[in-house]
Amino acid sequence: MTAPFSWIRPEPWGIHVVPADVWVDPSRPVPRALVTHGHADHARGGHGETIATPATLAIMHLRYNTNEGAVPAEYGERVTLGGGVSATFLPAGHVLGSAQILLEHAGERVIITGDYKRSADPTCAPFAVTPCDIFITEATFGLPVFTHPPIVEEIGKLLKSLTDDPESCVLVGAYALGKAQRVIAELRAAGHHETIWLHGAMEAMCRLYEEHGVTLGDLRLVSDAPSKEAMRGSIVIAPPSALNDRWSRRLPDPVTAMASGWMRVRQRARQRGVELPLVISDHADWNELTQTIGEVNPHETWITHGREEALLRWCQLNQRRARALALVGYEDEDD
Amino acid sequence: MEDFAALLDALVYTTSRNRKLALIADYLRRAPDPDRGWALAGLTGGLDFPAVKSSTVRNLMMERIDPVLWTLSRDFVGDTAETASLLWPEPEDAAPQPDLSLTEVVERLSALTRATAPQELATLFDRLDAKGRYALIKLATGGMRVGVSARLAKTAFAQAFEVAVEEVEEYWHALYPPYAELFDWATGAAPAPDLANVPRFRPFMLAHPLEEAEVDMAEYAAEWKWDGIRVQLVRAGGETRIYSRSGDDISATFPELLDVLVVDAVLDGELLVRGSTQGGEAGGAASFNALQQRLGRKTVSGKMLREYPAFVRLYDILLLEGTDWREAPWKSRRATLESLMERLPDSHFDLSALVEAEDFAQLAAIRETARDEAIEGLMLKHRESPYVAGRKVGHWFKWKRDPLLVDCVVMYAQRGSGKRSSFYSDYTFGCWDGDPDAGAELLPVGKAYSGFTDAELKKLDKFVRQNTLNRFGPVREVKRELVFEVAFDSVHTSKRHKSGLAMRFPRIHRIRWDKPAHEADRIEGLRALIKD
Numbered sequence: 001m002t003a004p005f006s007w008i009r010p011e012p013w014g015i016h017v018v019p020a021d022v023w024v025d026p027s028r029p030v031p032r033a034l035v036t037h038g039h040a041d042h043a044r045g046g047h048g049e050t051i052a053t054p055a056t057l058a059i060m061h062l063r064y065n066t067n068e069g070a071v072p073a074e075y076g077e078r079v080t081l082g083g084g085v086s087a088t089f090l091p092a093g094h095v096l097g098s099a100q101i102l103l104e105h106a107g108e109r110v111i112i113t114g115d116y117k118r119s120a121d122p123t124c125a126p127f128a129v130t131p132c133d134i135f136i137t138e139a140t141f142g143l144p145v146f147t148h149p150p151i152v153e154e155i156g157k158l159l160k161s162l163t164d165d166p167e168s169c170v171l172v173g174a175y176a177l178g179k180a181q182r183v184i185a186e187l188r189a190a191g192h193h194e195t196i197w198l199h200g201a202m203e204a205m206c207r208l209y210e211e212h213g214v215t216l217g218d219l220r221l222v223s224d225a226p227s228k229e230a231m232r233g234s235i236v237i238a239p240p241s242a243l244n245d246r247w248s249r250r251l252p253d254p255v256t257a258m259a260s261g262w263m264r265v266r267q268r269a270r271q272r273g274v275e276l277p278l279v280i281s282d283h284a285d286w287n288e289l290t291q292t293i294g295e296v297n298p299h300e301t302w303i304t305h306g307r308e309e310a311l312l313r314w315c316q317l318n319q320r321r322a323r324a325l326a327l328v329g330y331e332d333e334d335d
Numbered sequence: 001m002e003d004f005a006a007l008l009d010a011l012v013y014t015t016s017r018n019r020k021l022a023l024i025a026d027y028l029r030r031a032p033d034p035d036r037g038w039a040l041a042g043l044t045g046g047l048d049f050p051a052v053k054s055s056t057v058r059n060l061m062m063e064r065i066d067p068v069l070w071t072l073s074r075d076f077v078g079d080t081a082e083t084a085s086l087l088w089p090e091p092e093d094a095a096p097q098p099d100l101s102l103t104e105v106v107e108r109l110s111a112l113t114r115a116t117a118p119q120e121l122a123t124l125f126d127r128l129d130a131k132g133r134y135a136l137i138k139l140a141t142g143g144m145r146v147g148v149s150a151r152l153a154k155t156a157f158a159q160a161f162e163v164a165v166e167e168v169e170e171y172w173h174a175l176y177p178p179y180a181e182l183f184d185w186a187t188g189a190a191p192a193p194d195l196a197n198v199p200r201f202r203p204f205m206l207a208h209p210l211e212e213a214e215v216d217m218a219e220y221a222a223e224w225k226w227d228g229i230r231v232q233l234v235r236a237g238g239e240t241r242i243y244s245r246s247g248d249d250i251s252a253t254f255p256e257l258l259d260v261l262v263v264d265a266v267l268d269g270e271l272l273v274r275g276s277t278q279g280g281e282a283g284g285a286a287s288f289n290a291l292q293q294r295l296g297r298k299t300v301s302g303k304m305l306r307e308y309p310a311f312v313r314l315y316d317i318l319l320l321e322g323t324d325w326r327e328a329p330w331k332s333r334r335a336t337l338e339s340l341m342e343r344l345p346d347s348h349f350d351l352s353a354l355v356e357a358e359d360f361a362q363l364a365a366i367r368e369t370a371r372d373e374a375i376e377g378l379m380l381k382h383r384e385s386p387y388v389a390g391r392k393v394g395h396w397f398k399w400k401r402d403p404l405l406v407d408c409v410v411m412y413a414q415r416g417s418g419k420r421s422s423f424y425s426d427y428t429f430g431c432w433d434g435d436p437d438a439g440a441e442l443l444p445v446g447k448a449y450s451g452f453t454d455a456e457l458k459k460l461d462k463f464v465r466q467n468t469l470n471r472f473g474p475v476r477e478v479k480r481e482l483v484f485e486v487a488f489d490s491v492h493t494s495k496r497h498k499s500g501l502a503m504r505f506p507r508i509h510r511i512r513w514d515k516p517a518h519e520a521d522r523i524e525g526l527r528a529l530i531k532d
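The listed protein sequences derive, respectively, from chains B and S.
FYI, the working numbering numbers position 291 of the first sequence as 291, with every residue one higher than the one before it.
FYI, the working numbering numbers position 33 of the second sequence as 33, with every residue one higher than the one before it.
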């Protein structure tokens with residue numbers, strides 16, 4: 001009999017499930033990978049076999065232009081990996097197709113959350129609280145200053161800016177996978193049915209979301225706009241990297257907005273030249289992180305990436321066993 | 001308080017000057033008295049609540065949140081006020097309370113003592129949301145850091161009520177928060193305040209650059225343009241104050257000048273430190289670098305006063321013993337000033353001498369000596385010109401000595417702001433610290449962001465993007481390939497820079513696309529031009 005949980009081993013480039021020789025979200029190519037969701041820092045290409053939800057596989061197909069070695073796993077379906085290990089993909093509420101992965105071996109249960117959030121999102125299935133022994137959680141917004149307000153309020157700010165200044169357009173910086181579609185879906189839900197203009201980098205992902213049943217309404221490409229004037233009074237969505245770049249020179253007096261959890265902090269917004277900060281994140285905020293650890297109530301909490309020190313401290317203060325893992329390669333700057 | 005908090009928040013995120021003006025003006029029109037007066041004072045740093053320190057806020061937080069979590073959060077956010085505003089544990093199921101007025105907040109802050117501050121602040125925090133708490137802490141501890149200068153706030157005030165900013169300036173310095181008389185006057189509720197016995201600031205008269213023009217020496221008088229800081233000395237009601245060009249009261253920085261003016265007057269002059277750099281022994285003034293030791297200090301040591309004694313070289317007179325001379329021609333004001341000189345102690349005052357020239361050609365020849373004399377250049381004043389605020393064409397000209405030129409290599413570029421936000425428009429450039437062909441390195445000598453056309457900017461932006469070596473946030477390091485001919489006014493020793501020198505007013509004179517980088521100038525050449 002080996003020591004408890006020695007079958008799961010965190011390495012700097014991913015979590016290794018030893019008896020099955022499979023890696024979770026590895027940052028370098030491996031023979032067999034389990035992938036929690038489609039963001040590039042978690043879903044790298046080049047693995048021999050990639051086990052993920054069908055939506056995540058579709059996203060990877062779009063991004064890497066190949067679906068070689070893709071092995072779909074539906075939410076709730078228990079996949080046998082060999083070596084006495086099974087994996088079950090459970091909704092994580094982060095983006096379309098995102099999953100927590102429940103690993104079971106010799107009666108021991110480990111959950112790897114990938115990235116997740118607890119607040120409602122019309123573009124993906126909600127996070128499923130599932131009991132386990134070891135809960136391996138992200139901590140992107142693992143500081144008590146990070147509390148994300150209800151998204152309705154932030155969408156309200158965006159729409160108000162549009163009506164306050166009808167001569168401009170509002171340029172919203174948002175991740176091409178997940179954030180952009182969520183912002184669009186929430187705008188539609190708030191009754192905004194006008195054309196939304198997209199940066200070219202957004203188009204394919206929006207189409208993929210629609211194919212998965214997320215309706216996004218009238219979307220058009222900025223490059224197809226008949227004139228600058230056509231975009232006055234409209235919302236334009238672009239990846240954060242395009243906000244202050246040459247690309248934005250084609251827009252009519254844009255007000256620069258950014259949808260990100262970092263916008264909670266004024267200086268972060270100022271550094272990026274953001275005039276309209278929208279605190280919208282697809283990650284759990286501090287309260288969601290601590291609430292989730294409480295609800296899942298694991299025997300032990302491992303913290304993967306983000307501001308792990310503060311969450312570790314919270315676990316200590318609340319008499320919870322916890323450790324921080326030093327995983328490399330996960331980027332969270334733009335979320 | 002909600003309204004003021006929203007204003008601060010909007011100002012934080014606004015980079016455009018015009019939008020900032022509109023935001024403040026809009027608030028000033030909308031907000032009630034005396035709230036708007038307090039807001040104006042808060043924005044311009046005119047409030048002080050000594051009982052509240054940054055540490056008061058920190059201690060208050062430490063009682064309510066784990067110190068480790070506080071420290072981690074504070075380090076990430078980088079601002080105590082903002083961290084506290086976000087981390088304050090809001091009372092649960094508290095009944096919503098009516099908004100506190102800004103006036104009420106100011107009154108409660110003014111009444112605080114060291115002993116009562118923590119409890120009272122806690123009560124206020126409980127009543128506000130995160131934005132409100134941020135505004136409250138900034139108000140209480142000073143230093144808004146929302147990118148609003150006093151001048152911008154005054155301009156917004158003028159814009160809000162359609163009055164002249166020069167007039168606002170005139171009254172501003174004589175009034176105290178919440179500036180009731182100022183608002184009453186601007187809104188037409190009362191006549192202009194009577195400030196005869198208040199030593200208040202009057203807006204400066206400024207000069208245009210002469211450019212290529214010539215003037216007739218029969219119509220214009222010439223003076224040296226001394227390299228100090230332009231000041232206005234005002235004595236009224238038994239008190240003397242010194243104002244800088246922006247209208248800031250800098251009296252405390254130059255205490256030796258406060259007891260020596262014994263006549264009620266408003267005088268315009270150059271504040272200098274005694275020395276022999278500018279114009280030699282006869283010039284009697286040290287370099288600007290020496291004066292810089294005295295600037296920006298709130299208290300001045302005896303040693304400072306001895307080593308860098310300040311005096312004022314007078315240019316003009318605006319008021320004297322109840323008579324307003326501003327409408328009078330320059331020649332009459334000059335005569336008045338000359339006759340006043342015998343009543344002023346020469347320990348702290350002298351008169352800016354006129355530069356005599358038969359004609360313009362002779363004046364031009366005299367100007368050629370300015371470089372050797374370490375003087376900035378010449379001033380030309382129309383003999384009939386009244387003293388009017390701002391820059392009126394044809395009255396006063398400044399004719400600076402020709403700039404120095406040096407060939408530098410572009411090393412770093414940074415994105416600009418506002419209109420230039422997507423362009424790499426701010427450049428750091430360097431000179432060689434030896435023979436570049438023998439392995440010498442470039443050391444940065446200055447930074448400039450002006451002197452080129454929009455078309456050139458586009459080309460420079462493209463160069464930066466195509467020749468990037470490294471990125472550091474908004475800054476790009478570029479290949480050492482492009483040479484700028486940089487114009488600058490003078491160069492001084494500086495401990496702050498690795499090259500050991502700093503240029504005054506560097507700007508890009510010409511872009512030398514044709515010149516190879518190794519032919520750019522060396523540091524030693526620049527060093528030889530230092531006159532400290």
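Think of the hints as simulated: they come from the structure by calculation, not from any bench.
Be a bit skeptical, because a hint or two may be false.
Said to hold, decoys possible - The calculated lysine to aspartate or glutamate pairs, modelled on EDC-like cross-linking and capped at a C-alpha distance of 20 angstroms, are: (1) S:K20 x B:D165; (2) B:K160 x S:E104; (3) B:K160 x S:D3; (4) S:K462 x B:D245; (5) S:K458 x B:D245.
Results for each hint:
| no. | hint | in the structure |
| --- | --- | --- |
| 1 | S:K20 x B:D165 | holds, 15 angstroms |
| 2 | B:K160 x S:E104 | violated, 30 angstroms |
| 3 | B:K160 x S:D3 | holds, 16 angstroms |
| 4 | S:K462 x B:D245 | holds, 12 angstroms |
| 5 | S:K458 x B:D245 | holds, 13 angstroms |
The structure fails hint 2 only (numbered hints given earlier).
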